[in-house]
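Q: Taking our numbering, the leading residue of the sequence shown gets 32, the next gets one more, and so forth.
If you're looking for bench data, these hints aren't it; they were derived computationally from the structure.
Be aware that a few hints might be false.
Claimed, not checked - Beta-carbon label-pair distances, calculated as ranges:
1) Leu175 with Ser125: 27 to 35 angstroms
2) Ser125 with Glu65: 13 to 21 angstroms
3) Gly64 with Arg178: 34 to 42 angstroms
4) Asp185 with Val67: 31 to 39 angstroms
Here a beta-carbon is modelled for each residue, glycine too, at the ideal position from N, C-alpha and C.
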Amino acid sequence: MHHEKYMREALAEARLALAAEEFPVGCVLVLDGEVVARGHRRNSRVEECNEIDHAEVVTLREFLAEYPQTDCSRIVAYSTMEPCLMCFSTMLLSGIRRFVYGYEDMMGGGTSLPLDRLNPLYAEMAVQVEAGVLRTDCLTLFQLFFRNFTYWQDSLLSRYTLAQPLENTSS
32 MHHEKYMREA
42 LAEARLALAA
52 EEFPVGCVLV
62 LDGEVVARGH
72 RRNSRVEECN
82 EIDHAEVVTL
92 REFLAEYPQT
102 DCSRIVAYST
112 MEPCLMCFST
122 MLLSGIRRFV
132 YGYEDMMGGG
142 TSLPLDRLNP
152 LYAEMAVQVE
162 AGVLRTDCLT
172 LFQLFFRNFT
182 YWQDSLLSRY
192 TLAQPLENTS
202 S
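Using the sequences provided together with the hints, build the complete structure.
A: Have a look at this one:
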């Protein structure tokens with residue numbers, strides 16, 4: 032697959048989120064080489080904050096509303112940040128098994144969940160994860176966010192992100 036091509040699409044969504052002063056997570060769902068859904072984080076600003084409108088959930092919800100009978104096992108989910116536990120398990124339960132992300136969520140990322148040690152529903156899932164695709168581009172957006180906005184401002188994720196050096200390999 033052309034992971035960078037689709038991650039650029041997720042980055043475009045993340046930039047829309049950042050422009051709206053939202054946490055810059057963008058997500059696209061790809062089916063048979065075609066972007067079939069796109070979305071970004073919503074409602075992360077203090078005055079309307081909730082922890083349900085993550086980019087992956089928003090994107091998946093919109094996709095399933097339009098294409099409810101799709102076999103999601105053929106979808107690849109691209110996200111600018113590693114899906115959190117909620118998003119990862121939601122996509123798993125919806126049938127998605129392939130994930131590509133740009134920047135690691137060292138505070139709440141769900142993709143390292145040891146599925147084989149969980150109950151049979153999860154233990155039998157074969158999942159593919161590719162990390163670090165266009166990581167510098169994704170990291171840049173998160174650093175911009177944490178320098179300018181208050182969501183998760185004093186969190187472990189914020190401190191970790193702001194301490195990361197930017198490489199000169201941005202695409």
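Q: For every hint, state whether the structure bears it out.
A: Consistency of the hints with the structure:
no. : hint                                   : in the structure
1   : Leu175 with Ser125: 27 to 35 angstroms : holds (31 angstroms)
2   : Ser125 with Glu65: 13 to 21 angstroms  : holds (18 angstroms)
3   : Gly64 with Arg178: 34 to 42 angstroms  : holds (36 angstroms)
4   : Asp185 with Val67: 31 to 39 angstroms  : holds (37 angstroms)
Violated hints are absent here; each numbered hint is respected by the structure.
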